Amino acid sequence: MNSRSLKPLLFIAPSFILAFLIISYPIIDLIRLSFNDVGTFGEMNGFIGLLNYQDVFEEELFFEVLLRTFYWTVSVVVGTVVISVPIALALNEDFYGKGIARTIIMLPWAISLAMTAVIWKWMLNPDYGMLNHFLMSIGLIDENIGWLADASTAFPMQILIGILVSIPFTISILLGGLTSIPTDIYEAAYLDGSSYFQRLRTLTLPLLKPFINIAVVLNVIYVFNSFPIIWILTEGGPSNSTDILPTYLYKMAFQFGEIGLAAAVSIIMLAILLGFTFVYAYVSMKEKK
Amino acid sequence: MKKSVLKVLATVCAVSTLTYAQSEIRVSVPSYGDGTKPGFERIVADFEKANPDIKVNLEVGSWSSWQQKLQTDFFSGGNADVIYSTRGWVPTYVGGNKLEALDSYLSKSDLAQFPKSLIDAAKVDGKLYALPSVTSARNLYVNTDLLKKAGAKVPTTWAELQEAAKLVSEKTDASGFGIQGKEVEMEKYFYYTLWNFGGSLLDKTVGGTKSALNSPEALKAAQFYNNLIKNGYSQKNVTSYNREDLQELFKQGKLAMMITHGVLAEQIKSEGHNVNFVQTDVPGLDSMKKGRTLGVIDAVHLSKNSKAKEDAVKFLMFSVKPKYQADWIASANLLPVTTEAGKEEAFNKPHLQAMIAAVPNANFSFIHKKSTKIIDILKNELQAMYSGKKSPEDALASAHKKINRAARK
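If you're matching them up, the sequences are chains Z and A in order.
So for the first sequence, our numbering puts the first residue at 1; every next one is plus one.
So for the second sequence, our numbering puts the first residue at 1001; every next one is plus one.
It cannot be assumed that every hint is accurate.
[As the list claims (entries may be wrong)] Here are some of the chain Z residues that sit facing chain A, going by a computed Cβ distance under 7 angstroms:
1) F11
2) P14
3) F41
4) P126
5) L148
6) D150
7) P238
8) S239
[Unchecked claim] With a cut-off of at most 25 angstroms between alpha-carbon atoms, the simulated BS3-like pairs for lysine-lysine come out as follows:
9) A/K1188 - Z/K251
10) Z/K121 - A/K1236
11) A/K1389 - Z/K251
12) A/K1349 - A/K1251
13) A/K1254 - Z/K251
Simulated from the structure, these hints should not be mistaken for laboratory data.
Nothing here was measured: the structure is a model prediction, and the numbers come from that model.
Idealized CB from N, CA, C, for every residue including glycine.
Isolated chain A (complex conformation) (with noise of 0.2 angstroms):
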């Protein structure tokens, strides 16, 4: 009797010394699509049996209120040890003192496995608060049966866009241009005429952050999409089309040219559309410049206050490995960071391989820890000018005057 119960006692010791010696990280990842949940759950699953003595605590949250959950975990102090986010909120973090710099916890060669671009994007005033976690770039989609019944041909430069544009609203139903004109992104879009045209959204060359919009080249980027909507080459009633109103209206075949990620190509196959279109680069200025297309970084972040920090990084270059990557990213028709992971076969697909093909051309847009106010000022500004309210010239003197008044607080 007393054997047994010392034998008890032994054990609940044992399990209960076990327990004290786990530690614990929380990760927090928003979803891409279906295959984020499984696809972390796997990588959970197995960083946890290479690693017995860490537990992971996975939640999986919406994209569209994930700022707002951030935010107000960060303000509870209840945040997690790993933080899925994008690269655009990291100066907000750092300037709250939430993120821990990465430097001093990775070696050269983890840093190695990722391309030298995405690495630079990726820091803030020199140091690495953010690991590229997923990336993209956007394409030029055109529907080459419209295009061949206008007589048009698929563009390469801004011009050929406006006339292939012209001749698709003259001469069959479809609108020719999509412009997006609210919601996610819509800022993203005028990006495309700002940065071909030669212009930025804001000059960091001055000393501090100020607006380069009062540039000549913002104004003709500006004209530009006032033109095609002015001349009803674009669909009307713009500001009422957010990124997946336009593809709706490309997958039917209502519109000819568009801008956007790969996603688009691989609805349009599995939902059955019956459109026949081309996957290409942005436009340039003229034929001899390839066009410049936008970028994007996500990237995860590791807590301040994280009580495991080492774990949480082991966590993170655990989670980089190929066969992860191929897992969830390429099932949400995004790229991968890493230059092994892009070799996988899950990659190699039409649709991802152009959006790959548009990487070198990619810019990847701003970062400074008012950019929510100075994104939002641009939105309005441009939706002004979309519906007719106000010229270029006036919509992007009064964002001028706005975001320098923002950028300066």
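Bound conformation, chain Z alone (with noise of 0.2 angstroms):
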């Protein structure tokens, strides 16, 4: 290797070991706090192997979670997909308020989670919320829903306010795939004859799937890790039925004080998103071949 070859990556080694640090620290703490008994306050009292991650499995509630987290961030991953590519293409055409119309999707995105979620709590209360309001005006029902009351009902909606506080951010991603695509072929494929929906099917769908999959990528990792919207709006209950990982990790956590525990939770989550994510590229980065 001459030196040429290597002054670019001595320039980058600085950035390049910053980032490595930052990233890998907590990750690397996280490992060994998951393989040491950890009292509540850090205090160390030894190695004990994988006891942590067998505590963590023998637990029946670990299993209901785990598969309750599967099922929101599928739910609000797919739900968002396919909300947003309609809404994304609507506003990649011209048309009067165009602008307008794009700052009001990506409204929400400006509003922090946290806030969301409170004003969510609010419209959901049983007696003076909004929506029962809202619904009883318009003869839907004739007695206030206690919509957090029960998983029944508190864990679809929560699952729609994942899907809405998703969108702004998916759409922002489709509409930069949309603006890559070139024009000339769509002027080409209506000169041949082809109808919309051809042109969509045939062209800016396959061109937008790049796109589609790191908006896929991206929210199964935000949404997998997301807090504030379950956590305001029940804490994970009534009896932990609305409970998903990172719920459940910050009580084990802060409230019941097992750090090792949460850490081995920690490191589970981790393991899940990696696989997830190598998965899904290899599986792309196959279909592309």
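Given two chains presented individually in distinct reference frames, assemble the corresponding complex, making use of the accompanying hints.
Next comes the structure, spelled out in structure tokens:
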């Protein structure tokens, strides 16, 4: 290797080392915690091997919560992508007030997730919430519904809110993808007599696929790790029936002081997300070839 | 020229010596309301004036994230010297060797300022790791207009309460008795029936801590709430309601009875709600027996790693002077912790007096190093019962088993 090829490596080395340290330190520390008996205040009481992992897997609730986390992630991500694609396509067309429409769609992104969840909590209040009031005024219900009193209504509402808050980010990725598609191929297809849906199926969607893939991967990571919506609305209750891994983990670490167990759950979550990303990337690349 | 340089040097030396000699303590306080921060700022200002060699750094934070804040502070070793928190967390802090016992720092006359019952309740394994900082007791709130409309009388027993709740729910649009079904202190709402029907959560007489939820008394207590819910004598969707939600219902005249602290009476007055109510004792099992209510003690601790323990204790005792308690505690609608402070005019308000009258009949909730886990188990099982997913028998049996397992770990 000559000095010329070494130079760029030397230039990026400081940022690379810094980024590596910042990213790897918490992961290495988490791994260390997960293999130790850790007290409530972080005191290390000795190496215990896989005992924390064993305790986590012996807990019946963990598997319930894990399954619910998958359900939550798949529902929110699929729902988000399915709704975002047509909205992005519509926003990519030329129409009067396009700028305003784009701003309105993106606006919820500017509001913090916690604040959105608090507003929804008020809206879902059984006695004073806007939702019950609205449904009653149009005659759909004749008595107040306790939306957050039971998982059968609370969890679907949380999924719906999860979808609504994920839409702006997903649309921004998809709009980026749509503007990168050259317009001349559409003109050629139009001259060949293709219909709108033919162009959509054979041109737009295949060319948009890499961007949909990015949206899916990023949304899976964000939604899988999402905490505020579930926590603010129900704190994982009633009776742990809306708990997902992040809320379960938070209770373990900061309410019960079970730091070692919480570290083990974090590592399991990291492994699941890494596994998903690798599999998804592998499948996408294989399709490309 | 030389002289003036020397003067400047001497001044710098004197100032730096003074700075060096000054001891610093950090005080962490959770906010009880708008009056907490200004109240403590006045205490700090007066304390620093009286003790110019001690500098106090005050931090006031939110109650909702207080447990997490203290845990991470202790985790990193960056905790304050004087820490205000709640008595329930003391065994966890003591287990982690984070607190200094106060016994050797306080004189008999210091301790004599506090009622013995409060000091005894604050002890862990016979040692005083927590000095009471604020206390309160719960009352039964009764909307007298609704009861009058329903033809019911203010209940003094649980049977009367059930009857009044039945009449209100049948004869008015309001709900009879409010049951708290989620969030902070939800489990404590169950203690009212549990204690008054003769049960308890834990049995400490059996060597080690074990659940006492397998008792017939505990079952009666659970069945009582379950029947109120099933028969429609409580508000609907119980697991939707935290304490504040119930208070809101009461203030709007949509709930006839609930048990809570003095803040509700103050809110009804200050927010101008048109509700006629009485703030009375929690019912007893029969009319001959006064009902047991819940007493809450919050506490202040001295951290083990404090480098200025003597100064920190000096601040502690300074802060309990009656005028300071009358300032920040009364503004939070809570009760003082020293006998002298109880005589302050600020506490001579009807809603605070009603709480003071309830103190002799107050039980304090258990303290245990696994208390948060035990409480979580109880809450989850009660929620399963309140939402009709489990019978009282199943919910208690499951809670009993899980609590025993958690307490053993």
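Structure-based check of all given hints:
Interface hint status for Z/F11: violated, as the beta-carbon distance to the closest one in chain A is roughly 35 angstroms, over 7 angstroms. With its C-beta approaching chain A no nearer than about 28 angstroms, Z/P14 sits outside the 7 angstroms limit, and its interface hint is violated. The interface hint given for Z/F41 is met, as the beta carbon of that residue sits about 4 angstroms from the closest beta carbon of chain A, less than 7 angstroms. Among the interface hints, the one on Z/P126 holds; its C-beta lies about 5 angstroms from the nearest C-beta in chain A, closer than the 7 angstroms criterion.
The restraint placing Z/L148 at the interface with chain A holds, with a minimum CB-CB distance near 5 angstroms, inside the 7 angstroms limit. Hint status for Z/D150: holds, given a least beta-carbon distance of 6 angstroms to chain A, under 7 angstroms. Checking Z/P238 against chain A by beta carbon gives a least distance of about 4 angstroms; that is within 7 angstroms, so the hint holds. For Z/S239, the shortest C-beta to C-beta distance to chain A is roughly 4 angstroms, which falls under 7 angstroms, so the interface hint holds.
This hinted pair checks out: A/K1188 and Z/K251 have alpha carbons roughly 19 angstroms apart, not beyond 25 angstroms. This hinted pair checks out: Z/K121 and A/K1236 have alpha carbons roughly 18 angstroms apart, not beyond 25 angstroms. About 23 angstroms separates the Cα atoms of A/K1389 and Z/K251, which keeps this hinted pair within 25 angstroms; it holds. Restraint check for A/K1349 and A/K1251: the C-alpha separation of about 19 angstroms stays at or below 25 angstroms, so the hint holds.
With a C-alpha separation of about 34 angstroms, the suggested pairing of A/K1254 with Z/K251 is violated against the 25 angstroms cut-off.
The earlier numbered hints that this structure contradicts are 1, 2, 13.
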